[in-house]
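Residue numbers (my numbering), protein chains in the order written: chain U, 20 to 425; chain G, 175 to 467.
Please keep in mind that the hints were generated in silico from the structure rather than gathered at the bench.
Wrong hints could be hidden among the right ones.
Taking beta-carbon pairs under 7 angstroms as the criterion, some of the chain G residues facing chain U (in silico) [as the list claims (entries may be wrong)]: (1) ALA362; (2) LYS364; (3) ILE365; (4) ASP366; (5) GLY367; (6) CYS368; (7) LEU371; (8) ALA379; (9) LEU381; (10) ASP410.
Beta-carbon label-pair distances, calculated as ranges [to be verified]: (11) G:PRO380 to U:ASP130: 20 to 28 angstroms; (12) G:VAL202 to U:ALA185: 47 to 55 angstroms; (13) G:ARG294 to U:ASN87: 22 to 30 angstroms; (14) U:ASP42 to G:ALA291: 31 to 39 angstroms.
Model, not experiment: these values are computed from the prediction.
A virtual CB, placed ideally from N, CA and C, is assigned to each residue, including glycine.
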Amino acid sequence: MGDLVLSRVMKKFNDNVAVEIDDLEIRKGEFIVLLGPSGCGKTTTLRLIAGLESPTRGEIILDGKVVNALSPKERNVAMVFQDYALYPHMRVYDNIALNLRVDRVPKDEIDRRVHEVARLLNIEHLLSRRPRAMSGGQQQRVALGRAIVRNPRLFLMDEPLSNLDAKLRLTMRSEIKKLHTRLGTTTIYVTHDQEEAMVLADRIVILADGRVLQIGSPEDVYENPRNVFVARFIGSPEMNLADCRVESADGDAWLLGEGLRLKLPADVMTRVAGRGDLPARVVLGVRPRNVKVGRELEDADGAGEVTFFERLGEVNYVHVETGKTGAGMDGPGGASDGGVRDTAGDGAGAGVGADRPGTTVLVARWDEDREARAGEQVEFRLDRAHIHLFDPASGMSLLTCGPRSR
Amino acid sequence: MVGRVGIPRQSASRRTRRMRAILVKTLVYLVLLVGSSALLTPFLWMVSTSLKGYDQVVASKFTWIPKPVVWSNYTRALEFIPFWRYLGNTVLVTSMCLIGALSASAVVAYGFAKLRAPGRTALFGVLLASMMLPGQVTMIPVFVLFQRLGWYNNLKALIIPAFLGGGAFNIFLLRQFYMTIPNELCDAAKIDGCSNLGILVRIVAPLSKPALTAVGVFIFVANWTDFFSPLIYLSDQEKYTLALGLRLFQSLHSTEYSLLMAASIVFSLPILVVFFLAQRYFIEGVTLTGMKG
Ligand SMILES: Nc1ncnc2c1ncn2[C@@H]1O[C@H](COP(=O)(O)OP(=O)(O)O)[C@@H](O)[C@H]1O
Ligand SMILES: [Mg+2]
Numbered sequence: 020m021g022d023l024v025l026s027r028v029m030k031k032f033n034d035n036v037a038v039e040i041d042d043l044e045i046r047k048g049e050f051i052v053l054l055g056p057s058g059c060g061k062t063t064t065l066r067l068i069a070g071l072e073s074p075t076r077g078e079i080i081l082d083g084k085v086v087n088a089l090s091p092k093e094r095n096v097a098m099v100f101q102d103y104a105l106y107p108h109m110r111v112y113d114n115i116a117l118n119l120r121v122d123r124v125p126k127d128e129i130d131r132r133v134h135e136v137a138r139l140l141n142i143e144h145l146l147s148r149r150p151r152a153m154s155g156g157q158q159q160r161v162a163l164g165r166a167i168v169r170n171p172r173l174f175l176m177d178e179p180l181s182n183l184d185a186k187l188r189l190t191m192r193s194e195i196k197k198l199h200t201r202l203g204t205t206t207i208y209v210t211h212d213q214e215e216a217m218v219l220a221d222r223i224v225i226l227a228d229g230r231v232l233q234i235g236s237p238e239d240v241y242e243n244p245r246n247v248f249v250a251r252f253i254g255s256p257e258m259n260l261a262d263c264r265v266e267s268a269d270g271d272a273w274l275l276g277e278g279l280r281l282k283l284p285a286d287v288m289t290r291v292a293g294r295g296d297l298p299a300r301v302v303l304g305v306r307p308r309n310v311k312v313g314r315e316l317e318d319a320d321g322a323g324e325v326t327f328f329e330r331l332g333e334v335n336y337v338h339v340e341t342g343k344t345g346a347g348m349d350g351p352g353g354a355s356d357g358g359v360r361d362t363a364g365d366g367a368g369a370g371v372g373a374d375r376p377g378t379t380v381l382v383a384r385w386d387e388d389r390e391a392r393a394g395e396q397v398e399f400r401l402d403r404a405h406i407h408l409f410d411p412a413s414g415m416s417l418l419t420c421g422p423r424s425r
Numbered sequence: 175m176v177g178r179v180g181i182p183r184q185s186a187s188r189r190t191r192r193m194r195a196i197l198v199k200t201l202v203y204l205v206l207l208v209g210s211s212a213l214l215t216p217f218l219w220m221v222s223t224s225l226k227g228y229d230q231v232v233a234s235k236f237t238w239i240p241k242p243v244v245w246s247n248y249t250r251a252l253e254f255i256p257f258w259r260y261l262g263n264t265v266l267v268t269s270m271c272l273i274g275a276l277s278a279s280a281v282v283a284y285g286f287a288k289l290r291a292p293g294r295t296a297l298f299g300v301l302l303a304s305m306m307l308p309g310q311v312t313m314i315p316v317f318v319l320f321q322r323l324g325w326y327n328n329l330k331a332l333i334i335p336a337f338l339g340g341g342a343f344n345i346f347l348l349r350q351f352y353m354t355i356p357n358e359l360c361d362a363a364k365i366d367g368c369s370n371l372g373i374l375v376r377i378v379a380p381l382s383k384p385a386l387t388a389v390g391v392f393i394f395v396a397n398w399t400d401f402f403s404p405l406i407y408l409s410d411q412e413k414y415t416l417a418l419g420l421r422l423f424q425s426l427h428s429t430e431y432s433l434l435m436a437a438s439i440v441f442s443l444p445i446l447v448v449f450f451l452a453q454r455y456f457i458e459g460v461t462l463t464g465m466k467g
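Bound conformation, chain U alone (with noise of 0.2 angstroms):
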């Protein structure tokens, strides 16, 4: 049994279902956040869970105990928001001991849990200003203590880091992190950062229009991503996709997409879900580090034009339009593996992501020490290992599961 569950919730605002969650189960100690695009109902979840709103219909259920009717206080839940809301009358000290106030613990006690948490979030000194006399991070650490100081059951975060700078944001969410270890309270953090979630998170509950796309931990939902949204949303950059025909030939899958073609290995053959079959077209998904580059590769998947090359520093990328070849590299289903029959270039194969119709943008790590430049030729080869496939219809992958767990 979970800490906490969401059975069946589901909350309208006028009609408009802003959330839809079926089932989510969190045990205790969990660091889960919630992450998706912004508006799709991150914070109403969040306010739903802290009894700030009450569900149109479904169950809130803490330590087994349905707990919809119960106040936020009732539930001992804390929660940090996106913009501090800090007290801005009172003093930091009393930001943080009001809530040990309304509950009537003696005076000397609520000097001195104040006193430990402030000590712990290092704002000791800090503790007769004013929150407007404050910086972000600081005021952020002041959200942090007033959350902290009493012991919650459940720590609900909204987006704490959106309003920091990108330096800070980096050391408070370490600072989250070990937090979270010290203290071991089950945490429910809601960002649209997908590398803040992939930092943080024990598990992602990933959310789009209300609804829940997939939970996984950080690794499952990038390696497996359960479908296009979940794929395009983890990992940065955005994974490659394509859009590809399939043929088969002498009992080989071919995908035939703009600028590629490349046969299918059988162990991925087997982890086609359902019939085992391929429909006729499907959404071909590969990660930039994935894809190999070069300018001459053995076994190249396809060839393309360099139009851009992406210097990060640690790691650069290249970003290369296929379908667009020089002379000297076969075309598109070039038939030198017979059976094959070249159907391609009919320019219903742009991808997802196409620049214009009839190419396809596909984005690679740059290996060599040299830069790209624009308008070289090179040729990629994807590996095999690492594909996705998804039904272009629905969205949905059609791999059961991911090469990890092969």
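Use these hints to put chain G with the ligands onto chain U, whose structure you have.
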């Protein structure tokens, strides 16, 4: 050459612009001066009359400066009517009304601003509409009601209504101010375990000090100077408030103008004091909210 011609022309236009600014300013000050002296004249007349002897008051030629200055008007005025008793009644009524109307309107406004309930908007509309209703329309039914309740000739009739809502305008004013306080603060307080009353007392009210001060001043002045309600509800002279008691200087045959004016000045002093104190607070409140923004 061109430059030489250009420069004086430019400064000439600047000069006319400055002239015009001075002219406008002078006009504005002139209007303000005339307006404020028009408003001040009755007050000065009141001060002047309060220091005149009877013969100077009725003299055919009006003078601003009393000669001799009759200070004793003040001591006589406070003895002519049971001034201290009336002051006591007035202080009692006004302070009770201040407590009642301020807390009631603060609470009701909180409901309108921060609590979600079906029909809230419609109800607020009704409240606003009730501001359009002249008091005279409800005067007789309310009078009959209070009389049946046994509040006639009793200070209750002046005090208890203040606790019942606190006045549509005050509610409106506070509600508008409360609306500017972020709901997230109230949510945070709820998470911290505050009840709605707790949120009002600990968060919303402290953040609304300027508005609460303004409403408090309105309530104070309205009740301190209220003539009408004491007039219709009170019959025994010893229950009178000051506003009503001042009328005793006027009798069928003569009016003790200088005593009436002396008593009126004493009557007005608390209002002046409250305005001065509150004004300081308004400014403080405004700068505080400015920092907040
Ligand atoms: N109080 C509200 N009244 C009406 N609609 C709301 C309210 N709160 C949220 N919504 C709607 O519900 C959806 C989800 O919002 P929210 O939970 O804030 O998304 P997120 O936090 O993921 O950005 C949005 O479409 C939003 O417009
Ligand atoms: Mg949000």
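Hint-by-hint comparison with the structure:
no.	hint	in the structure
1	ALA362	holds (4 angstroms)
2	LYS364	holds (5 angstroms)
3	ILE365	holds (5 angstroms)
4	ASP366	holds (4 angstroms)
5	GLY367	holds (4 angstroms)
6	CYS368	holds (6 angstroms)
7	LEU371	violated (12 angstroms)
8	ALA379	violated (10 angstroms)
9	LEU381	holds (6 angstroms)
10	ASP410	violated (47 angstroms)
11	G:PRO380 to U:ASP130: 20 to 28 angstroms	holds (22 angstroms)
12	G:VAL202 to U:ALA185: 47 to 55 angstroms	holds (52 angstroms)
13	G:ARG294 to U:ASN87: 22 to 30 angstroms	holds (23 angstroms)
14	U:ASP42 to G:ALA291: 31 to 39 angstroms	holds (32 angstroms)
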